[in-house]
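Throughout the sequence shown, residue numbering follows numbering that gives the first Met the number 0, covering 0 to 298 in sequence.
These are calculated hints, taken from the structure and not from any lab test.
Be aware that a few hints might be false.
Computed Cβ-Cβ distance ranges for the label pairs, DEER-style [what the hints assert, rightly or not]:
no.: 1; residue 1: L48; residue 2: P230; range: 18 to 28 Å
no.: 2; residue 1: A274; residue 2: R45; range: 45 to 55 Å
no.: 3; residue 1: A135; residue 2: E29; range: 44 to 54 Å
no.: 4; residue 1: A274; residue 2: D63; range: 53 to 63 Å
no.: 5; residue 1: G36; residue 2: E259; range: 37 to 47 Å
no.: 6; residue 1: A148; residue 2: S44; range: 28 to 38 Å
no.: 7; residue 1: R210; residue 2: S41; range: 43 to 53 Å
no.: 8; residue 1: A38; residue 2: Q71; range: 23 to 33 Å
C-beta atoms are modelled at their ideal positions from N, C-alpha and C, and glycine is treated no differently.
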Amino acid sequence: MALSASPVVRRVRLGVELRRLRRRESLTLEQVCTRLGWASTSKLSRIELGQSRPDLADVLDLLDVYEVPSHQRDDLIVIARDAATGRGWSKALGEMGERQRAYAELEAGAERIVEYQPALVPGLLQTPAYARLRVAAGASLAGEVDVDADVRARAVRQELLVRPDPPHYTALLDERACEPNGLPGEVWREQVRHLLALAERSHVTIRVLPRGASSGDDLHPLAPFSYYAYPDPDDPRTVLVETLTTDLRLVAEADVARYEQVIERLLAAALPEDATVELLTRGLGAPTVPRQRDPHELE
């Protein structure tokens, strides 16, 4: 099922718009809440920060307070309805855990996705067998993990790459991520064949950063990250930085702009697409070498 605009992104967008309108009217949080009879400012603050699913009636009341003209009001109502979406999304995303759902919600409706991975094949590109081994490897640190459910969740997310209107997807992989790293031979070969098949799609770009590659200033990210941009230029471009225990979502313009600079430098340092395909093809015959599991490999 193709999902529409991400409610997470639209909540942030709605909050930015409502905060701008309040400041235009030179109103404080307290003054607005007093006019509406709201018990505290926390409700409005959470709406403006995009931290809660807004009630459409509350948004309409805010638009009345800010005396928003009809044409602008209609646009904001559309955004508010997207932001309030919940039940349909829960059904579509099914049994996803919290971390998988965060990725799925940002991927939905995206026009461009860029992912950087230093050690693993990104979740959107993983075969079920590869995903199963990686999820199981991280389960010892993550506590109770339903491996089957996690693998099924990845399959649901991967549908966006084969839908009629897919985003342009770019994977930037360190060379280490393109090696067997102790995986069973057939699992790895199947994964490489899958990468090569995806690389043939016009909207999928896979680029490898070879060992010793320089970005000009030797700048490499310290953690995997994913970047999302949306068709509506006013929807906030977003970066999700992966950590061992949780993921950090960045929407501030200055933060996102720095990651955009990093992406451009990594693209400049990476192998061209044809050279990447050649490297992956050679990898089909690479021997597997057992190694100790990296506890950070949870993607």
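For each hint, the structure was consulted:
no., hint, in the structure
1, L48 with P230: 18 to 28 Å, "holds, 24 Å"
2, A274 with R45: 45 to 55 Å, "holds, 48 Å"
3, A135 with E29: 44 to 54 Å, "holds, 52 Å"
4, A274 with D63: 53 to 63 Å, "holds, 59 Å"
5, G36 with E259: 37 to 47 Å, "holds, 43 Å"
6, A148 with S44: 28 to 38 Å, "holds, 35 Å"
7, R210 with S41: 43 to 53 Å, "holds, 50 Å"
8, A38 with Q71: 23 to 33 Å, "holds, 28 Å"
Violation of the numbered hints given earlier is absent; every hint is satisfied by the structure.
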